[in-house]
Every structure is written in structure tokens, then in C-alpha cells.
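Start from the sequences and build out the full structure, keeping to the hints where you can.
Residue numbers (my numbering), protein chains in the order written: chain A, 1101 to 1527; chain B, 1101 to 1527; chain C, 1101 to 1527; chain D, 1101 to 1527.
Hints listed in this document are in silico derivations from the structure and should not be mistaken for laboratory results.
Example chain A residues on the side facing chain B (calculated, C-beta under 8 Å, incomplete):
#1 1319
#2 1323
#3 1346
#4 1374
#5 1383
#6 1391
In this text, a Cβ means the ideal position worked out from N, Cα and C, and glycines have one as well.
There are 4 protein chains.
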Amino acid sequence: MSQQAERDRLVEIRRDLHRHPEPAWREFYTTARIVEELERIGVDDLYVGPDAIAEDARMAVPDDEELDEWYEQAHETGADEDVLRQLEGGYTGAVAVLERGDGPTVGLRVDIDGLLREESTDDDHEPAAEGFRSEHEGAMHACGHDAHATIGLGVVEAIKDSDFEGTLKVFFQPGEEMIAGGKSMAESDHLADVDYLLAAHVGLDHPTGEVVAGLDGFLAVSHFRAEFSGEPAHAGGEPNEGENAVQAMATAVQNLYAIPRHEDGATRVNAGQVGGGTATNIIPEEAFVEGEVRGETTELKDYMKERAERVLESAAEMHGCEVDITTNGEAPSAESDEELVSVVGDVAGETAGVENVVHRDELGGSEDATYLMRAVQQNGGKAAYVGVGTDHPGGHHTATFDVDEDSLAVGIDVLAGAIRDIAADRP
Amino acid sequence: MSQQAERDRLVEIRRDLHRHPEPAWREFYTTARIVEELERIGVDDLYVGPDAIAEDARMAVPDDEELDEWYEQAHETGADEDVLRQLEGGYTGAVAVLERGDGPTVGLRVDIDGLLREESTDDDHEPAAEGFRSEHEGAMHACGHDAHATIGLGVVEAIKDSDFEGTLKVFFQPGEEMIAGGKSMAESDHLADVDYLLAAHVGLDHPTGEVVAGLDGFLAVSHFRAEFSGEPAHAGGEPNEGENAVQAMATAVQNLYAIPRHEDGATRVNAGQVGGGTATNIIPEEAFVEGEVRGETTELKDYMKERAERVLESAAEMHGCEVDITTNGEAPSAESDEELVSVVGDVAGETAGVENVVHRDELGGSEDATYLMRAVQQNGGKAAYVGVGTDHPGGHHTATFDVDEDSLAVGIDVLAGAIRDIAADRP
Amino acid sequence: MSQQAERDRLVEIRRDLHRHPEPAWREFYTTARIVEELERIGVDDLYVGPDAIAEDARMAVPDDEELDEWYEQAHETGADEDVLRQLEGGYTGAVAVLERGDGPTVGLRVDIDGLLREESTDDDHEPAAEGFRSEHEGAMHACGHDAHATIGLGVVEAIKDSDFEGTLKVFFQPGEEMIAGGKSMAESDHLADVDYLLAAHVGLDHPTGEVVAGLDGFLAVSHFRAEFSGEPAHAGGEPNEGENAVQAMATAVQNLYAIPRHEDGATRVNAGQVGGGTATNIIPEEAFVEGEVRGETTELKDYMKERAERVLESAAEMHGCEVDITTNGEAPSAESDEELVSVVGDVAGETAGVENVVHRDELGGSEDATYLMRAVQQNGGKAAYVGVGTDHPGGHHTATFDVDEDSLAVGIDVLAGAIRDIAADRP
Amino acid sequence: MSQQAERDRLVEIRRDLHRHPEPAWREFYTTARIVEELERIGVDDLYVGPDAIAEDARMAVPDDEELDEWYEQAHETGADEDVLRQLEGGYTGAVAVLERGDGPTVGLRVDIDGLLREESTDDDHEPAAEGFRSEHEGAMHACGHDAHATIGLGVVEAIKDSDFEGTLKVFFQPGEEMIAGGKSMAESDHLADVDYLLAAHVGLDHPTGEVVAGLDGFLAVSHFRAEFSGEPAHAGGEPNEGENAVQAMATAVQNLYAIPRHEDGATRVNAGQVGGGTATNIIPEEAFVEGEVRGETTELKDYMKERAERVLESAAEMHGCEVDITTNGEAPSAESDEELVSVVGDVAGETAGVENVVHRDELGGSEDATYLMRAVQQNGGKAAYVGVGTDHPGGHHTATFDVDEDSLAVGIDVLAGAIRDIAADRP
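Here is the structure:
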């Protein structure tokens, strides 16, 4: 295929995915389209839905009603029925495998989910102007995962046609935005024999033509929802009969923010959403906190999480309430291995379209690719996180975010090149 | 009209109102139906909507969208267009006047609003079984104000046909449930020349056939909504840039409940509904508390209100937030005058259908008839609050509340009788 | 003895006690002097120290060093050595018994302890001017218990010389100011057969010549001391290693004041003294709250106590601390029986020096005579609390408090007269 | 003088200072002894007491009674009367100047104060065994400032006898332990013309023979005392009349610990000592917090300080109290300049007795030499903080802390050597 034809197809795929953004465990159309492309390319093994992930390790799975709604929408949009059936119950995502003779197993992880955010209708916003704005009102690919999925497909095709010797596994991961999917992919069997893992992200304020070999500084993070339940009572007539869930929640909030700082590094805590009570004159019987803790390391995150749970439980007890705490998402910290960073840097330096290679940079946020990176590293393998620059008019997670489609080919070339060199050199 | 026919008409009115419960400032159909009946009966003066109340003293008026929705519904249900037009903008309620020669001005206040509560569909629930269950899903006459309005109409008719000498004013008051309407009716001009005022309530655990001459122990109350606004920030990346409205709210809640008890009597405080924040990973920029304070006396309520405002404002300041505090409803305490209590007791003792007369009892809740009672008392007049027993299967404000329609006549007879004796004896 | 001589002796005793004020469980000199007088008068039985009280029910007993200091002081002041030996270990107080033939057992309870408060040296302060100011610097009879002990002795003497038939028991109770002694006297065997009990207090803003038959409105009360212990750590170097006792205490204080008000009546809570921490740069390992809860009834006090303990324990747990909660003093509520109130009122009305008899009044504070009153009432007996007016220049518990010594005879006459009438009439 | 004689004199001085530890602004004997030695050595200029420091910049000065007590003790111990008179009012410390021809002005800062801590009497504790344990019971040189002062004197003597060209200023600084004296010395005129500044500390877990060229990582710090004052009231009789200072304090403590973490680096906060209230049954009218805030940089400390003040002020306002906030000690962060670090490292590497040179290390605590370092750096000069290893059996600030006197000569040689090289090379 001509380079232009190839580019056109990548753009077509990316725009189709962009038109159909789906959040965590609802990537029905997305997974189906990815599977369709993989079947077109031809892979040696293809694992879909429950076969791609560790089912029990999914976090923040929506309720059936919510799942059904998105499933139905994917169905109506024309997603392949055979694939859809495999995804029922919110088992989205896929793992594609190419077996190419003796050699190490190299993995590439790309995430595929969208965000619950309204996309801009502004004429300056290219997806709106060019007709590929989100068709799912209220949802949007505002972080470039449409590009990630496309790059993942492009890498499969590039490796297939190359002299690569070894095994390639591409992990199309659901639910990164809610840090809800990384764990279930890391704990699937597919990662167990991966010797080298790359993960990639576009943008992050790096322009088209820039590649970051080694993105670090991920804060380990855990999202929780705590639901307090007490006893209602009439606030005028029998205030003593209540067990006040809002008092419990308020006590918890005060003390969550007061968890001691840690000598070993940065920690974070936030009670991001709270609520409670039913009426002005009723002692509140229900209240909740949705919050998060973070740490510069996984240990620091665990310290915060343990303290937060102690606060939540004691606050409930203090006010005669029960509290139910759920972990809604979680990710450890991770560091890129210098050996892989080095290979990526070298390859990038020789890749057409790359004008600048940055050796390591700090991300400063959280990302659940870290689950996969740590799993590989704990098995004795190596991992690195790669930044693929792309001009983006709006910031990540804003209504005008978009990617420069020229960066798709750059990402594919750098990653496929690095995968080939890794397999050849086993650094 | 025969007694049976009269009873049938009362029942028909009450059931029609029961089928169309409307909450504060949305009593469009209710007011229209009351006006229709008053015009049928024939009164000397009739004030409707903005002419019945002090416009500026309304509290907790819903927004236009909400008003429009209920207005439209009243329109579709067949409410009189001429009346409806007078009520536009949420000016509900009416004042009916009978001029019957020389004599004192005697007032009767009845409230007319429903509650936002789903009515039972159970076969044991007579409105459901007999076909007069609420047609406004989610709203219900769960406190007997349909009976109150009916009794008010019955009293007008009874006095009209009697030897009463003086002026009768019946106040059909909107918005009692949210203690949002009493003030605006108390501050209308119509109350200024009232010499004697009666107010009445059915039920309250008193059975049919029992009359309470003098219900007291109203807790003065004030409802507030406090809205905190701060600054959002990314909880991982720049927590110090936020001004955390949820922290402000939690600090306020902790300290609201901790307002010191008062040597002069019972006080109450409740943070009945709270909420805040937008996302797990964003420092919350908005939060609110909907709450109430009460006191055994108006002074005690004022003490609580003043302290609560100090807490709310300081909590906002502590966390770099603004707070906007609105009073959403308010009512003072009040005491029945013994002279009127005595007349009511005497009349009740001689009224057919009355088996037991209780001399004074404690209510233990709040009620904004107190605004009207105090206004009359401050003008040198006298006031009393009367309980009209009625068997009610479910408790007040529950889905199975209903009244025994036999008590309608009892209420009318006792109140009309008392009004005649008051005018005659000027106690 | 002449009336003047009798008066002189009473004054001499009272002034001697006034010069030697001793707080709870340190009434060594006081008890010895009381015993000396009782032996002079001659009683049938005399129980001293551990024989007078239930040892295990003492509350707030000071440590040995403190006891030794006051013991030594009593010794140096010339207290009888034989009596002192019986009081070792802080077993103070006495019970005197007169057996006078057939008849009911009538009890009188007087308290004997002083306060830790500096007495005024002002010339206007009669004890200073007349040379009987406290010789124990920092301690003072600032609530008239010197007069109470003297009245108790006078009643023994008056009854001894009278036609009283029955048994008289006078309870000289230690530790009332800290509500620390009433329980141990109530649980001694001596109260078990008491049929009628009187207790008395001078002053309370009633002037000389006024007697209050029936003082009521005692708030039930419980004093607690909560000691939090956590782990210290350097606040700069390792804040996470601490378990912060001051955070625990602060959380507890916030939530103690926020214990819900109760529908059944007045409640109180106070964190009267708090402290914690060792240095600015050390995470505090120790903190304490000395506080109290009260209730209009014993049940309300118990409600507050239970909630307070829940708050204290959960606050400790929240911050990884232990908490040790001690009850330092406690007293129930109690009501005077009308039958005794009536006798006291009648007797008072006929007593020389009494110009005004008040039938019942509210005290509004706490007092542990209630332990004895309730014990008698629970055994089927009757009890009443009597106020003996006395002009007092300064308020109770202030540096210039003093009693009008003329009221000593009034108190003795009213109480002895009531005791005689009670024995005679068995009301 | 022989090397042994020189060593003996240093040891004698150090032990004399060790026997007479004096805390901030009470270093009367210490200053007098230092002055005596400086006069013996002979310096060109000597500034003492108010002439050595900026008077207004002193922090945490004790009250007159406290100052008098220590002054009197110094007097009785035989301190020079002429010097003592110059120190009256707590103006301690001294600045010694040697003028040695053309050349830069080099400063050396040593601190001289002791701690309020009981010294061990254990036989294993050399000061106890050898008879130079603290003669000021409750005070102790537990951080080696006795050695610092001795090293300062040794450096003066060593430079005096050397080929040094330029001006040497040695700053004998009071009040470091409470970070109370650095500011006043930094703001004196003497620092204005200093081109190079060295500061030194012994020990810090570095053994004898180790030198740290460049100690960094000082946390900027601020100590505060907040005094809340409200209104007392009887907790049973009139709780509403109080303005509760303990509630204000508890609210403040909760929210101090909850000041948001900062994106720019480590912050700290501690409510190290708190207290309040007078009696169990009185609403507390007084309460206090003694606490500290820290930051990895001065800006972070300022952020914490500003937020802490907002919390303290709003908490007071919330509970109707006043709050008075005093800064009791403060120090910025600082970094050693590499040019000086390098000179120190080179000199140390060639100094007899030095076995190991560490290039830069992190301190992790606070120290107010930073005031002087920053002042010099802001004037365009250079500064470095030097660690002089010494075996110390007990940890810093513990009862068994002691220094290895062999390290005195090492410290003097390294510092004097560095001063000479700095003057010669003007790095």
C-alpha cells in the first residue's frame, strides 16, 4: 500500500474511533472495530473480552443498566455482532499476538477508552469542522486514546511486514481514564511471558516531531468511594434517635486532609465529591465521599490508603454509622528502565519526522500502564513509557483537545523500530 | 342543602384537591378550585395571588422553569384561566372576606399546599382504592391540607348562613410545608385589622371526635441554604492552588452541631442535606449545606441562627471560600391565648360528633401559622391554634396518610361555632 | 448551756473548720475535729473513715504524695492521732448514730469538704478581719460546708436532748465539691435502713431567715478524664511515624460538643480543661481532656456519657492512639418527696428566726446528695433537700464567700424540728 | 604552646562551657567566658551583647523574671561583672574581629546556647564520670554548641597566628536551639561586608574523622504561639454565655493539619503543644497552640505560615474568640555555594585527623545559620555549611549526648585552613 494510502487508512480508523468514544468497560464499538482491523491485518492469536483480561481484577464496573445502554448503542452503530457477544457484561479490550520465530516476547500497551465530557462544536475544533466529532453526546476522546488504539494497530501491521524475530503482543487496554482497567490486564496470563514492555502516550504538551524516551514521575494512586449509613430521625422531634451519616462524613473529610505528611516524599489526598442527607429536617442517614489518595511511590500511596481507611472507619464508628469502602481504581508508581529508554531514544533519533528527542521527563500525574510495567519488571523483564509528541490545540481532558494526525505515523515508526531493535539486541 | 348533600360536596372538593397536590407557590389548580368554590358561595371580597399576600415576603420561591411546569399542568387539568392568570409567577393563595355588620374581625387561617412525596398505590390506602390518589406523580397531600382548605370553604359557607355579626376573613395560605408562605400572608394588609385569629390542623395522632383547644409548643425554626464557592485545582498536580469548598463545608458541619446548648430551653440544628465537588481528582470548588435551626422560643431560634451564620462564614473564610446564605423558610414560636382556647373548648364540648375535648397539648414541631398568630397578638388581638382529630391510617408525611372525611364536618362546626361565639362575646 | 454559750460554741467550731479547709479525701483535720465533737456530745455509734463509706466507690482519690502532704499538715495542726490513723489512705468522713428507742431511722447528710481556691485577705472579708481566714493557703471553705458540718453537729446535740423516738444517723460526707464522695457514702451499709433522709445547703442566694423546703432541679452529672497516648516523632523529619494524641483530642473535642441534643430535655457537655504535647517540633504523644456531661435526668446524663465515650474512643482509634477514660465524679438527678417537703415547710414556718418559707425552688446545678436521696427512695424511703438561707457577701465559690453565723441556729432548729416531726408522724 | 597544651586548653574551655549550659538569651556565663578568652587571645575588635546583634530582631526573649534568674546564676558562678553588665536584658552573644591587611572579609558562625533538658548522671556518660556534667540542673549542652563555641575560639587563635590576609569575623550566636537568635545576628551591621561565610556543626551521626563539605536540605521553619481568648461561663447553668476558646483551638488544630500539600515540595505542620481551660465545669476562656510550620524552601514555609494564620484567625472568629499569634522563632532555607564547598572539601582532604570527606549531605532539619547564609548570599557573597564529625554516644538532644574532644582540633584545622584558602583564592 502506498504511504499515503496507509496514512489515509490510519486517519480513517482514528476518526471512526473518535466519533465513538466509550468510557471504561463500555468500549464495545471500539473493541469491535479494533478486532475487525486485527482480523483484516491477520494475527496469530487474538484474545477478546474475558479472554484478554483477569475478570476479577476489573474495578469500577458500571451497573447492568449502564452497560446495557452502551452495548445497545454499539449494536445500533453497527458493531460486529459476534465480537459484541464476547464483550457482554462489560468485558472489553483485546490482546493481539504475532508469533515470528525465536526471540524475546515484546509487549506494547495502548489504551482505548474515552472520557465523559462534552466535545466542542466550535468550527475551530477540527473534529467538528471535519465531521468526526463525537456521536455519543457527553462522551469524547479528549486524551488521544483514539490515536493510541490506531498506533497499536499500525504497529501490528508494521511488525508483521518486518524482519522482527520473536513474539509481539499488543495490549488494547480498556478503562485507563478511571485507572480501572490496568490491573485486570496486568493480571491476565498474557503478560506473564513478556520480556520487554513499551507503553506510549501522545501529546502531554510535547509538539509533533518530539519524542520522549522515558516518561516517569507517575504518582501511585487509589480512588475510593466510602458510603456511610446511619439512622434517620426527625431533627426537631427526636434528634437523639438519629445516627448522623453527614456528621460522620464531615468528621472523615476533616481528618482525611489531616493525614500526616510523609518523610519519604510527596503524598496527596482529596475528597473530590461528597454528599448526604435527604431533607432539611431529617437527621441524615446516608452520606458518601468519593476521593483519592496518591503517593510518589506505591508505598506512599499505600500509607495514605491505610490511613484514609482508618479515618473513614473511625468516623463512622464515632457517629454510630456503618461505612462501606470500595476501591474504584488504582495504579502503582513505576520507572522506565534505562536500557529500553536508550533503545527508544536511539531509534527515535533516526526516525523520519522526529525533530527532537527528550531523554526522560516527568509526567506528574497517574496512569495505570504502571501495573503492566511493574508486572513485567517483577518477572525480571524491562519496561519503558514513551511520549509521542503531537500538536494539540486544547489541553488534555478539555473540550477542544485534538491530535495532529501526522504524529500517528511517527508513533508507529518509533515504536515498531524500537520493538525490532529490542528483539534483535535484547538489551 | 341536605346535610348529606353538604357532606357529599365537601368530600368531593377534598378529593379533588387530594388528586391535585401542589407544593409551595405552585398551588395553581388548588387556588383556582378554592376561588371557584368561593365564587359559588358568594363572598363580599376575594383577594387572589399577589393581592392576597406581601409579595416580597415570599420565601423559597422555585425558579421560573419549575413554576412554568406546574402552571402548565394546572392549565391542562382545567383550572380556570382567569384565576390562573392572576397567579402567574407563583403568587398563589387567597383571602375571602364576609362583611356581616358591626362586630369584630375574626380570621381563620388554613393552609393549602401538598408535599413532594410519592403516594401509596396500596389497596388499603383509600385514595388509591377509591380513585382519588394523587394525579401529580411524586406529589401528595400527606398532611391533610386538602382537608384544611375544604374546612376553610365550609366555614365561609356556615358563617354566611349564620347570625354572625362582624367581619370574617379566611386566609387560604400557600407554602406551609416549607414554612415559606406564612410570613408573606402575615405581612399582607389583610391581617392588620384582625381582632381574633384561629388556625387549625387535622390529625396529629388525635382521633376523629377529639378536639384540642390550644395546640402549643411550636418550635421556632429557620431553614437555610449555604453555598460555598472556592477554586478548583488538580488534586494531584497542584493541590495548593485550590480553595476547597468541601473542606469549608465539613468544617461548618462539625461546628454547626457543636453550637452551645442554651440555658433558656431546647434548641435544634441539622445539616439535613449536603453536597459538593465535581470529580475525584479535582479540589472541590463548590459545596452546599441545606439545614435548619430551631428553638423553643423565637429568641432561641435567633440565637441558633446567628451562631450558625458565624460558623458558616468563618468556615468559608478559613478555606478561602465565599459563602452565600439564604433563608429558605422561617417561622417564630407562638402561644394560644387562653381566652380563645376557652371559647373553642366550650364550643367543642357542645358540638355533635365531638367526644373528647383536650385542653391544650404540645405539638413539638414547627408551623408558620405562628407568623399570623404573632402578628395579630402584636396588634393587640388574640389567637389560638386548634386541633381537629381525625383517624389517619399512616403517619403525617408518609405515603399512606389519609384523613377520616367525617372529621370535615366536625372541624367546620367547631370553628364556625367558635367564630360566632367570639364575635358575640369578644373575649 | 445558755443559748449564747451554745451559739458561741457553734461559732467556734465553724471558725475552726473554716481555718482548716480540706478538699476531697483530704478532710483529715476536719474529720478529726468532727469526731472530737461527737465524742464530747456522746453518740451511740460512731463510724469513721473506711467504716463510714464504701471504699471502692470513692472517686477522684488523689495520689499518695498528695494525701501524705495533707495528712502531715493535719498532724501538725494538732488533729487527734487516733482518729488520724483511721483515716490513712484518704478514708475521710464519719457517720454518727443516736439510738432513741422505737421509731423510724431518719438520716441527715451534711458535706464537709473545702475548695482549692485562695481566700480573700480583704478587710471587708470577715474571716480575714476576725482572724479565722484559711490557714491552708490555696484552699478555702467557699461554699459553706464548714457551716454544714457545724449544723450536723448541732442537730446531733439537739436531737440527743429531745423527745425524738427512733434512730438518727448523721452522715458527714467528704468530697462533695468534686462530686466524688456521695457515691461511696450512698453505697455504705449505713444508708440501707434509713427511712427518711434530709440533706441541706446554706445560702444559694437565699438570705438569712429564709428556708427553702424542697430544692430541686439537680442536673445529673458525670466528670471524666480522658488520656490519649500515641507515639512521638520528629515533626520535621518523620511526621508519618507519629500517632498524634493532640489530633485525637481535637477531633474528640469537636465531636463532643456536637453530640445530638435530646428530645427528653436539657443536656450539657464541656471539655473544661485540655492539654497535650511536649515540644513545638515533636508530634504529640500525650493529650488529655477533663470534661463533664450533664442531663436533666440521670437517663439524659447516661445518654451523654455513652455518646461521649464513643466519641473519645473513636477519636483515639482514628489517630492510632489509646485512650484511658476515668470517671472522676458523678451524681444522678433527684427530686424531693412532697411529704417531707411539707413537714420541713411546716416546721420552718414555726421556727424562730425564720421569716420566709419558700415551697420548692430550682437549684440548676449538680450535687451528689442525690446519690443518697435516690438510694433511700429506691429502698422505699423518702428524701428531701432543704435550703437554709444565709446572707453571703460574695458568691459561692468566690474568694469573699462567707456565711452569716446566725443562720447556724436556724438550720439546726429547722432540721432537728423536722427530724422530730418526721419520726413522730412518719409521713 | 605545645600541641598538647593547646588541646588541653580547648578541652578545659569546652568542659567549662559544658558545665554551664544556658538557653536562648540567657547565655550570660557563656558569653562572659567567650569574651574572656577572646581578650586573652587578643582581637582587633570585639562586639558584645547589644553591639553584636540587631536588638529588635530577637525572637522568643524570656520575661524579666526568667532573665534575672539566669543572670544572677551567672553572677554567682563568677562571670566577669563588666561583661555581664553589657548583657543585661538578655543581649547575649559576641562578634570577634581580626583585621589582617588587604583581603576579603571571611565570617565564621558558631552557636553557643544549651538546651532545657536534664543531663544523664550515668557513669557511662563521660561528663558525669569526669566531673563536668551540667551544674545548671535541667539544662544541658546536648547538641554540641559547647564544642562549637570552643572551635570558634580556636579558629580565632589559629588565624591570628597565620598568614591570613583579610578580615576575619567570628559570630558567637545565641539562641539557635529555639531558632530565635539567627535573625538578630543576620540583621546586625557586622554581616554587611562579609564576602564569605562558613558555619559548622559537629556530629549529626558523622563519626570523628569525617568532614561533610556542604550540609544542605535545611527546612525553612517558623514557630508560632497562638493564644485564644474567649469568655468563661458556667457549663451547666449558662453554656450559651461562653465563647469557647478550646473549641476554637480544636477547630484550628483539625484544620492546621489539613492545610493542603504543595506541588513545589515538602511542607510540614505541627501543633506541638496545646492547652486550655480552667475547670471541668467552666466553658474555657483561654487556650493556646504552640506549633510550627516548615517548608523545603522559604516560599513553602511562607505558604504554610500564611495558611496557618488564616486557619487560626477564622477558628477564633468562628467561636467568638480573639487570637493573638506570635512568631517565636524562624529560619529560612539555604544552600551551600559549590565554590566554598569545594575549598572546604580540598582542605579537609589534606587535614590531619580527617579520614573521610563527604561531598554534600542532607540535614533534614532546621537551623538558623540560614539567616546569615542568605544575608551573605543576597549581598553577593558565598556561604557554606560544614559538618565536623564527632563520635557521639547518645543522639542529639538526648541526655547522654557528648562529643569526642578529639574532633575539636579537627574542626579548628579544617575551618581555619578553609578560611585561609578562601582569603587567598577568593573563589
